[in-house]
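Sequences listed follow chains A and B, in order. Each residue of the first sequence is one higher than the one before, counting from 1 in my numbering. Each residue of the second sequence is one higher than the one before, counting from 1 in my numbering.
Among these hints, one or two may not hold up.
Just a few of them, taken from the derived set where beta-carbon distance is under 10 Å, the chain A residues facing chain B [to be verified]: (1) V152; (2) I155; (3) R252.
List time: in silico SDA-like cross-link candidates among lysine to any residue, alpha-carbon distance up to 25 Å [what the hints assert, rightly or not]: (4) B:K49 - B:C243; (5) B:K49 - B:S32; (6) B:K49 - A:P171; (7) B:K49 - B:A134; (8) A:K98 - B:F194; (9) A:K98 - B:T170; (10) A:K98 - A:L75; (11) A:K284 - A:A223; (12) A:K98 - B:N16; (13) A:K284 - A:Y267; (14) A:K284 - B:S32; (15) B:K49 - A:Y4; (16) B:K49 - B:A14; (17) A:K98 - A:V165; (18) B:K49 - A:L90; (19) A:K98 - B:A134; (20) B:K49 - A:E99; (21) A:K284 - B:E54; (22) A:K98 - B:T163; (23) A:K98 - B:S32; (24) B:K49 - B:E224; (25) A:K98 - B:H131; (26) B:K49 - A:T94; (27) B:K49 - B:T163; (28) A:K98 - A:R121; (29) B:K49 - A:K284.
Quick caveat, the hints were computed from the structure, so don't treat them as lab data. Idealized CB from N, CA, C, for every residue including glycine.
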Amino acid sequence: MSLYVWLVEPFVNYGFMRRALVASLALGLGAGPVGVLLMLRRMSLAGDALSHAVLPGAAIGFLIAGGLSLPAMGLGGLIAGLSVALLSGLVSRTTNLKEDASFASFYLTSLALGVLIVSLRGSNIDLLHVLFGTILAIDPEALTLVGIITSVTLITLALVYRPLVAECFDPGFLRAVGGRGPLYHLVFLFLVVINLVAGFQTLGTLMAVGMMMLPAAVSQLWARTLPGMVVVAAVTAAFSGFIGLIASYHLRFASGPTIILTASLIYCVSLLAGPSGALRRLIKRPHLAG
Amino acid sequence: MSLPAIRFDDVTVAYNRHPAIHHVSGAFAPGSLTAVAGPNGAGKSTLLKTLMGELSQAEGHVDRGGLRGRDFGYLPQAADIDRHFPLTVADTVLLGGWHRTGAFGGVGRDLAGTARRALSAVGLEGFEHRHIGALSAGQFQRVLFARLLLQDARVIVLDEPFTAIDERTTGDLLRLIRRWHGEGRTVIAVLHDFDQVRAHFPSALLLAREAIAWGDTETALSPENLLRARAMAEKWDDDAAPCVVAREAAA
């Protein structure tokens, strides 16, 4: 009975909790796999940078729509994120700057710009909502957007899986066989940006990337094949969303940080208990005969 | 297999205006088995990258005789590959079937069979489901050769394929190279072990930024040629004047 009260009742009683749950589950299904590939491409920091880059676009959308509106802010974030991704790629190709360095300079610029824009017009509460997200604002419209983004992500990933993996594993080979690697890189960056946009309603712009990177790190501790990692990451992300929402509801915490902290907790446990984790190294098992 | 020759016509490739290969002219004959040898910094890898179209030349022209990208099987130096990527041996080898599967096509039973045969040809029978991260350097190089087998390219270009590879693996892979040669493919390999070149490669290009000698291995690697190659200044001359060889020749 008490388990029911803890785990199920909040969703039965409140519509906003149900919408938040569906949004987090959908978000996890999309962001988890994207995070795994992001990490394997050694672009963890680029993901972080992109999540900040989304902010000024979201802020302009916020100003134009005159309040928290996911479609307007999402579109703005999408445009800002993609511009930063493209500009960084351009800069690293035309100058001596490495891609991470140009990412860093662009995202700091856009973060400053975003905070400035929001603080010009909105109240501090609005700024907090944009930065850290609020589950209360997830209306059916926002839910549809998140659902569309997840569907697009999963279908696109399934379609470009092979070239994406090939480009990641051995870019020189793909170039040699004429496999249009840069195109798939761009498609992938697009997926990263739309998932960050999907994430910032529940998690806020600062935390959205957490839904990608933490499950991805967890997946590397448990699975050894890429499909396995993708599944572990998606499940971890969705599960963190569920547990995080429950915890934030009962403890009256902000939803975004709670969801991310849940994922962090899973990460810590995996660090200890996972097949490649610390405990397995401490417990000696006899080696096999052959 | 009727192949065109691959001709270098007065090719210069420069990094920061300093030439890495300098006025190189010559041809890889169709079906030839050529080693590219020379001291460190001689421009061996640069030559291969130029051949593959990855670098643009400052001067001159590479005539590939109408061969397209898919006709080349290129194995760059191993350092470019992420060896801890979570892929199985079978997945890696099957990438060699790119021309048949493309980015989206399925892997049919015959392609999977070809991949299995390629693996047993490199001595890795039954390794299909191993992870590449669990392979030794030699085994991984065998996997990459199996991928080349699957590519079934008419021209095979290898950049230092035996660096840090054990003797037995080197021997096995050299046998594969000879098999490719026997099938009439053009094979070009960068090597720095001169004895290996003499033992297995009928033709050689001795490179020291300039082509010191290009042709029959015994003649190309003659003691006086090797001496000339060694005399190549490894350091760039910071005050070098712009090169005028080409302009004088044209006048």
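Hints, one by one, checked against the model:
no.: 1; hint: V152; verdict: 17 Å, violated
no.: 2; hint: I155; verdict: 13 Å, violated
no.: 3; hint: R252; verdict: 40 Å, violated
no.: 4; hint: B:K49 - B:C243; verdict: 22 Å, holds
no.: 5; hint: B:K49 - B:S32; verdict: 19 Å, holds
no.: 6; hint: B:K49 - A:P171; verdict: 14 Å, holds
no.: 7; hint: B:K49 - B:A134; verdict: 30 Å, violated
no.: 8; hint: A:K98 - B:F194; verdict: 38 Å, violated
no.: 9; hint: A:K98 - B:T170; verdict: 36 Å, violated
no.: 10; hint: A:K98 - A:L75; verdict: 28 Å, violated
no.: 11; hint: A:K284 - A:A223; verdict: 21 Å, holds
no.: 12; hint: A:K98 - B:N16; verdict: 18 Å, holds
no.: 13; hint: A:K284 - A:Y267; verdict: 23 Å, holds
no.: 14; hint: A:K284 - B:S32; verdict: 55 Å, violated
no.: 15; hint: B:K49 - A:Y4; verdict: 65 Å, violated
no.: 16; hint: B:K49 - B:A14; verdict: 12 Å, holds
no.: 17; hint: A:K98 - A:V165; verdict: 22 Å, holds
no.: 18; hint: B:K49 - A:L90; verdict: 23 Å, holds
no.: 19; hint: A:K98 - B:A134; verdict: 31 Å, violated
no.: 20; hint: B:K49 - A:E99; verdict: 23 Å, holds
no.: 21; hint: A:K284 - B:E54; verdict: 49 Å, violated
no.: 22; hint: A:K98 - B:T163; verdict: 28 Å, violated
no.: 23; hint: A:K98 - B:S32; verdict: 40 Å, violated
no.: 24; hint: B:K49 - B:E224; verdict: 28 Å, violated
no.: 25; hint: A:K98 - B:H131; verdict: 31 Å, violated
no.: 26; hint: B:K49 - A:T94; verdict: 20 Å, holds
no.: 27; hint: B:K49 - B:T163; verdict: 18 Å, holds
no.: 28; hint: A:K98 - A:R121; verdict: 36 Å, violated
no.: 29; hint: B:K49 - A:K284; verdict: 48 Å, violated
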